[in-house]
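*Asks:* Listed here are the chains, written in short residue letters.
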Amino acid sequence: MNTPAIRIKNLTKDFSVGMRGVKLRAVDDLCLEVGDNEIFGLLGPNGSGKSTTIKIILGLLEASTGTCEIYGKPSKQVDARRSVGFLPEAPYFYRYLTGRELVRYYARMCMVPRAKIDAAVNSVVELVGMTEAADRRVGTYSKGMLQRIGLAQSLVHDPQLVMLDEPTAGVDPLGSAAIADIVRELKRRGKTVLLSSHLLAQIEGLCDRVAILHRGKLVREGRVDDLVEEKDAESLVVEGLSAEGRAAVEATIQAQGGILARIEKPRLSLDAYFLKEVHQRESEHAAQQVKTGSQKS
Amino acid sequence: MSLLNSFTRIRLIAGTTFLEAVRQKFFNSLLIISIALVASSTFFQQFDFGTGELKFITDFGFGALFFFGSILSITATTQLFFNEIENRTALTMLAKPVYKLEFLAGKFLGAHLLMLSFSLVITLVLSGILYWREAALLARLGEDVLLDGPLVRYGDVFVFGFLQWIKFGILAAITLFVASFSNTNLYTIIVSFFVLIICQLQYIARDAYSGMEAGLERFLVMGLGLIFPNFQLFNIGDQLVFDVEQALPLTTVLRLAVYGLIYTCAFILLAQVNFRRREI
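Listed in order, the protein sequences are those of chains A and B. If you read the first sequence in this note's numbering, its first letter stands for residue 1, the second for the next number, and so on. If you read the second sequence in this note's numbering, its first letter stands for residue 1001, the second for the next number, and so on.
Because the hints were derived from the structure by calculation, they are not lab data. Quantities reported herein were computed from a predicted structural model and do not represent experimental measurements. Heads up, some of the hints might be wrong.
Part of the chain B face toward chain A, derived, beta carbon under 7 Å [said to hold, decoys possible]: (1) 1009; (2) 1012; (3) 1088.
Beta carbons are placed, not taken as given, at the ideal position from N, Cα and C, and that holds for glycine.
Kindly produce the complete structure, drawing on both the sequences and the hints.
*Replies:* Laid out in structure tokens, this is it:
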């Protein structure tokens, strides 16, 4: 499929705040494309516009300006959401339904044909590893189980695009790893996954590409490896260097009882890169504020 | 097919809304209090009202139905709406291919189904009490009192219950409209109760403009009289149940039902206008 899963062009969202209707810009001229069958991470500190962007993609909010498309269809059209599954952050479901009833309910809401509902429900319940607990009431589920049954309801109508808002928030490491495995399995099945998360270490190993938002603006976007590599530096891991240098190092290493294995580019962790970018933006913003303040006075 | 799908989604949302509502302690408490109040009218048998006792019980029952029904209609609709928003189940729901109007219609129908159960239970209890007291009166006064016709027209007790249910529907739609732009439960409940009072006293505006000369003032007052439905139209219990000579024609009941339906649809559509722009 050549059409991007999500195409966002010059998206801006302003909220009116207070009685005077003061404009608060949540998303600022955002341009973004998420390719088909890609795992895409949307990163940013609180208030950076991630959730607003997700809500606009889902058609739950109207953009002030700009456009947003899902597989070529304007996202505000209800029809565009037929190919979308969504898991909100810290989901709450009807506590009196069993997990299976809940997934069935959403399957019916998405107009899954009656003849296929049982198979669809069983399939996603199995995919998220909830087969044993599926007939228990949702009210008895742990946080991790809630996330997994939430994931099942988002997948039951076999959407091509799956959007997960903080899917591992409040979930223990094992549960997080299980959710990461499900995301990888979705990619293997040809699905596109957009996820927002604060658990950057997990995103790093999971996402094909990421975008960093700060104060509604796109700060960086690209493949995780491209973003976190330090291009102007190399680290000597074990073997390598120029022929002479390598020989000298190797001789030294051999003399010391070691083996030079390979040379690779040193990496920043995604956490470190993210924090560096955010701190840099914060400093720039603070400087801008000071400058504006001094100009006014 | 699309319309059929729409109805299916509305039915599903209404079903879960109703289930959620009947599981609330508030509903069950209010239902028990209402039943207890209607049933307590049997204690009036110690007063010798004669056939007037039946009217007293009926007025008492209708009063309880209106009073507790209005409270339930406003509070349950508010709570059912805000529960979905605060718990973010609305987010999960509206992220599916579900129109916001379908969501609102489902919420309304769920609340309206709740009010149907409430009205039906109270009407059944009231009819039971009336039947029991009527039998006691007939045993005491003899069958001669039936020469002018039955003491109570039980069918009409249910017609009254039906009309109250229609009125609760308008009230639920008004509450949904207020909730569509309100941010808190409390604000919604208070404003909706104010609107209820205005609707109850709306005949004053109608009296006012009927005596006014044509002009802007009359137009404005008439406009106000049209914006708010006239709830006094539904208070026809006496005429329905006891006034044998001037029984209310079925066409009047149907016209009232249509009147209620028009206001209900109008307020749901107004709620949709607000809800479309609301951040969830």
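*Asks:* Which numbered conditions among the earlier hints are violated in the structure presented, ordered from lowest to highest?
*Replies:* none
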